[in-house]
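Chemist: Start from the sequences, fold in the hints, and give me the full structure.
The lines below spell out each chain.
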Amino acid sequence: MAVSTADHAVVADPGVALAAARARRGAGRVLVTLARSVAIFVPVFLVATFLTFALRSLSGLSPAHIQLGESATPDAVARIEHQWGLDRPFLAQYWTWFTNILHGQLGTSWTNGANIAELISNGLAVSLSVVVLALIIGVLFGFGLGTLAAVRRTTWIDRAITGFLTVFSVMPPFVVGIVLVTVFAVGLGWLPAAGYVPASVGTWPWFTHILLPALALSLDPMADVARQLRSGLIAAYQENYVTGAIVRGLSPRRIFLRHVLRNGVGPALSVLGWRFPTLIGGSVVTEWIFGLQGFGRFANDSAQAGDVPAVQGVLVVSIVLVVTFNLIVNIVLGRVTPASQRGV
Amino acid sequence: MTRTLPDGTVTAAVPAARPADPPALDPPAAQAAALAVRDVRIRDDVNDREIVHGVSFELRPGRAVGIVGESGSGKTLTCRAILGILPAHFAVSGGSIEIVGRDIAELTTPQWTDLRGSTISAVFQDPASYLNPSIKVGAQIAEVIGVKTGLRRRAARRRALELLTAVHLRDPELVYDQYTFELSGGMLQRILIATAIAADPQVLIADEATTALDVTVQAEILDLLADLRERRGLALVVVSHDLAVVAQVCDEVLVMREGEVVEHGSTADVLYHPRHEYTRLLIAEHEQYGLDRYLAGEQRKELDSVH
Chain P
6 MAVSTADHAV VADPGVALAA ARARRGAGRV LVTLARSVAI FVPVFLVATF
56 LTFALRSLSG LSPAHIQLGE SATPDAVARI EHQWGLDRPF LAQYWTWFTN
106 ILHGQLGTSW TNGANIAELI SNGLAVSLSV VVLALIIGVL FGFGLGTLAA
156 VRRTTWIDRA ITGFLTVFSV MPPFVVGIVL VTVFAVGLGW LPAAGYVPAS
206 VGTWPWFTHI LLPALALSLD PMADVARQLR SGLIAAYQEN YVTGAIVRGL
256 SPRRIFLRHV LRNGVGPALS VLGWRFPTLI GGSVVTEWIF GLQGFGRFAN
306 DSAQAGDVPA VQGVLVVSIV LVVTFNLIVN IVLGRVTPAS QRGV
Chain G
-14 MTRTLPDGTV TAAVPAARPA DPPALDPPAA QAAALAVRDV RIRDDVNDRE
36 IVHGVSFELR PGRAVGIVGE SGSGKTLTCR AILGILPAHF AVSGGSIEIV
86 GRDIAELTTP QWTDLRGSTI SAVFQDPASY LNPSIKVGAQ IAEVIGVKTG
136 LRRRAARRRA LELLTAVHLR DPELVYDQYT FELSGGMLQR ILIATAIAAD
186 PQVLIADEAT TALDVTVQAE ILDLLADLRE RRGLALVVVS HDLAVVAQVC
236 DEVLVMREGE VVEHGSTADV LYHPRHEYTR LLIAEHEQYG LDRYLAGEQR
286 KELDSVH
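The listed protein sequences correspond, in order, to chains P and G. Going from the first sequence to this note's numbering is simple: count from 1 and add 5. By this note's numbering, the letter at position 54 of the second sequence is numbered 39, and the numbering carries on one by one without gaps.
Honestly, I wouldn't trust all of these hints.
[Stated by the list, open to error] Label-pair distances were calculated between CB atoms; the ranges are:
1. P/VAL52 with G/ASN32: 54 to 64 Å
2. P/THR329 with G/GLY218: 53 to 63 Å
3. P/ARG158 with G/HIS38: 29 to 39 Å
4. G/ASN32 with P/ILE162: 27 to 37 Å
5. G/GLN273 with P/ARG258: 48 to 58 Å
6. P/ILE333 with G/THR93: 54 to 64 Å
Hints are computed from structural coordinates only; laboratory data are not their basis. C-beta atoms are modelled at their ideal positions from N, C-alpha and C, and glycine is treated no differently.
Modeler: Shown next as structure tokens:
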């Protein structure tokens, strides 16, 4: 019987042509990902910074009232506003402020004239230490618990894990924080109850000081990651390609690691993307409980004092953090499941 | 569906048993069966009903057996039982299945993993869903080769490219680096076949492997299966609801209905001397609704005037 084949393509030098084609495809993918990310990042950044800058005009706050009090004469107010350049046209002010931001300069505080970029980076070192550790704990345990629950689905292990996670996710971090302080710091005396020690002083003291707040913050992302991973993995296990892999004679271990995990991890990763900003936001309360001078505390204090440049700085840094983190998650997601980039 | 035979005559696929095919009988007794299915019964534990009531056939290396039946006739469950992948709460409740002489009832999970891919493998309908959407198709073939034959990366890649050529894909280098969502159904079925034969199995089960494909692609895939059978001595189990598909590649046909084998014999016997009512119906339907009917215009008018 004649075997019918598709007509043969005529290529002058197949080797060279194919290598070139493959290189183009590879480079094309990276470029598309980058271009797409930039196309999202730039407008978001522009709109968000513009709104942030408009805050001063919208709030009607002025450095003159902070420095001179409410009873200042209009002349004095005008003089101080001139010093701060606030009498210039709005767009001109925005342009100066925006170009400064691009150079990493966030201006000076209205209340004490300190360099805002410096204040924020001090606070951020504390907060990021806590939040990153919380994320690491959350992701590690979340992955472990989610995987275990999925592999042992419908058994008592699955039910116990799901139950625990539900309790975790409904407990607010401040309650968990207080419980942790009571048990581990006050009761057992294993860990310090409050304060922060920079990593430059010593890794161990730094770690012990951020461990409890990080634990308090980690329960939420842990529960989210575990639950998303569990349902993602269970859904992936029901896919035909798992049957395909079994029939091809791949071992259960390989099927889990290479086929199921890869396709089931998507929702858990995306959840991390929007978990990060809420973690930073949630750290305000935790920083109060653990007496940390973090980013959240700084934001809160600045807002209370009406220190507009400081608040603007906080917002700009938050925007950059959130957008960057989501960018990373998107890129990882694109690498792990290429189809997700096509909206498939 | 029509086929052009080498001598240039156009014939309907169903009545045309290929003259080159020897009848399935008079076996060289020495040759052991690659697959032996003996009175297999499958039960659904949930409502405690028997779904498949005794299927038996033997498949020697290089031979092909076809299972025909409507959906729900138990043909897919039979295949899954042979592969040891029955869905939850279905179980083999009677009979035995032997793959190259080993009773599958006694296999442990690692033994199953060993056996699948390298001794028995399968392809299915909707090939896209049976391949991982997140891994390049070439890498999935190379994975099977690497795991099953222990070849290193480069060698496995070279072997995978050879397989892509063997299943008649043009431009294997390009296809190797593509994902399932970038390929057509016909190409994916070829790739799925390549993954299935990557570890050189003796038995390949094709469960409705051509059903979702259009007619020309379907014919090409069937040709490919016949070609693999000829060149590699692959034993085939071809499952289809379409008698024409089975007739095209198989020496022996089982007709199933509601879990029962209603007819079993050589392809020529079943086509020309159907004993069971249902088989006659299947053939009659082909004659009545097949393309040939439309080609014979006069007969068609006749038919119209009757109604």
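Chemist: Regarding P/THR329 and G/GLY218, is the given constraint of 53 to 63 Å on their beta-carbon distance met?
Modeler: holds, 58 Å
Chemist: Take a look at whether the Cβ-Cβ distance between G/GLN273 and P/ARG258 falls inside 48 to 58 Å.
Modeler: For P/ARG258 against G/GLN273, whose Cβ atoms are near 53 Å apart, the range 48 to 58 Å holds.
Chemist: Does the Cβ distance between P/ILE333 and G/THR93 fall inside 54 to 64 Å?
Modeler: Since the Cβ atoms of P/ILE333 and G/THR93 sit about 43 Å apart, the hinted range of 54 to 64 Å is violated.
Chemist: Does the beta carbon distance between G/ASN32 and P/ILE162 stay inside 27 to 37 Å, or does it fall outside?
Modeler: Between G/ASN32 and P/ILE162, where Cβ atoms are some 29 Å apart, the hint holds.
Chemist: Do P/VAL52 and G/ASN32 keep their Cβ atoms within the hinted range of 54 to 64 Å?
Modeler: holds, 60 Å
Chemist: Holds or violated: 29 to 39 Å for the Cβ distance of P/ARG158 and G/HIS38?
Modeler: For G/HIS38 against P/ARG158, whose Cβ atoms are near 33 Å apart, the range 29 to 39 Å holds.
The structure is inconsistent with hint 6 alone, although it conforms to all the rest.
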